[in-house]
Amino acid sequence: DAKTTQPPSMDCAEGRAANLPCNHSTISGNEYVYWYRQIHSQGPQYIIHGLKNNETNEMASLIITEDRKSSTLILPHATLRDTAVYYCIVRWRSNDYKLSFGAGTTVTVRA
Amino acid sequence: GAVVSQHPSWVICKSGTSVKIECRSLDFQATTMFWYRQFPKQSLMLMATSNEGSKATYEQGVEKDKFLINHASLTLSTLTVTSAHPEDSSFYICSARERGGLAGPYEQYFGPGTRLTVT
Numbered sequence: 057d058a059k060t061t062q063p064p065s066m067d068c069a070e071g072r073a074a075n076l077p078c079n080h081s082t083i084s085g086n087e088y089v090y091w092y093r094q095i096h097s098q099g100p101q102y103i104i105h106g107l108k109n110n111e112t113n114e115m116a117s118l119i120i121t122e123d124r125k126s127s128t129l130i131l132p133h134a135t136l137r138d139t140a141v142y143y144c145i146v147r148w149r150s151n152d153y154k155l156s157f158g159a160g161t162t163v164t165v166r167a
Numbered sequence: 005g006a007v008v009s010q011h012p013s014w015v016i017c018k019s020g021t022s023v024k025i026e027c028r029s030l031d032f033q034a035t036t037m038f039w040y041r042q043f044p045k046q047s048l049m050l051m052a053t054s055n056e057g058s059k060a061t062y063e064q065g066v067e068k069d070k071f072l073i074n075h076a077s078l079t080l081s082t083l084t085v086t087s088a089h090p091e092d093s094s095f096y097i098c099s100a101r102e103r104g105g106l107a108g109p110y111e112q113y114f115g116p117g118t119r120l121t122v123t
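So the sequences go chain by chain: A and B.
Numbered by my numbering, the letters in the first sequence go through residues 57 to 167 in order.
Numbered by my numbering, the letters in the second sequence go through residues 5 to 123 in order.
Hints are not guaranteed to be accurate.
[Claimed, not checked] Pairs of lysine-lysine residues, derived as DSS-like cross-links and limited to a Cα-Cα distance of at most 30 Å, are as follows:
| no. | chain 1 | residue 1 | chain 2 | residue 2 |
| --- | --- | --- | --- | --- |
| 1 | B | Lys-59 | A | Lys-154 |
| 2 | B | Lys-24 | A | Lys-154 |
| 3 | A | Lys-59 | B | Lys-45 |
| 4 | B | Lys-45 | A | Lys-125 |
| 5 | B | Lys-24 | B | Lys-70 |
| 6 | B | Lys-70 | B | Lys-18 |
| 7 | A | Lys-108 | B | Lys-18 |
| 8 | B | Lys-68 | A | Lys-154 |
| 9 | A | Lys-59 | B | Lys-24 |
| 10 | A | Lys-59 | A | Lys-108 |
| 11 | B | Lys-70 | A | Lys-154 |
| 12 | B | Lys-59 | B | Lys-70 |
| 13 | B | Lys-24 | B | Lys-45 |
Calculated from the structure, these hints are not laboratory results.
All chains, full assembly: derive it from the sequences and hints.
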């Protein structure tokens, strides 16, 4: 699976959009981009995933560049409850379904 | 959405004893369950993959005789930490994949985690 690079931390203001970048320059054509988050002392939570088209759901939007070498997770209106570690994972959808978690980005939403 | 529970949520045990952690899928059948370990301020590390009715597959560096995994039914997997030592103190998280589930949000549902402290 391709390696991802995320900034270690970022702050954002409550009510504003939070844009979380992820670089995955070695991504292959069959690999998807997944985003999970982990609130302190809880299990990870699925946010969104995509292959090459932009995706949106009730939690967030995922913007993938045309060359697929990077992506951005957008939390449209950050709340204090969005404070968490966000993981960008690139994975080929195979039968093993394993997820490899990197260091992630610690996002702190401030009032 | 589907719910995965873990029991206990936290446990303290003495060095040398064994501890069993349960992972249950509450409203779906889980073909595959995964066990992760997370040390403080670190990311999750996959320990093993278990498929119902077969032996678990352990990741490199994980001692299979120390971390016994049993996946006897489609709703229950257990992780037993045998002869626990203080260095085994960690946050253990399981996840479950729904039988016949589609990829994407249905791929893995995570449990809330179990905090193990070995004294």
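To see whether the hints hold, each was checked on the structure:
| no. | hint | result |
| --- | --- | --- |
| 1 | B:Lys-59 x A:Lys-154 | holds, 17 Å |
| 2 | B:Lys-24 x A:Lys-154 | holds, 23 Å |
| 3 | A:Lys-59 x B:Lys-45 | holds, 20 Å |
| 4 | B:Lys-45 x A:Lys-125 | holds, 28 Å |
| 5 | B:Lys-24 x B:Lys-70 | holds, 12 Å |
| 6 | B:Lys-70 x B:Lys-18 | holds, 16 Å |
| 7 | A:Lys-108 x B:Lys-18 | violated, 50 Å |
| 8 | B:Lys-68 x A:Lys-154 | holds, 18 Å |
| 9 | A:Lys-59 x B:Lys-24 | violated, 34 Å |
| 10 | A:Lys-59 x A:Lys-108 | holds, 17 Å |
| 11 | B:Lys-70 x A:Lys-154 | holds, 22 Å |
| 12 | B:Lys-59 x B:Lys-70 | holds, 15 Å |
| 13 | B:Lys-24 x B:Lys-45 | holds, 24 Å |
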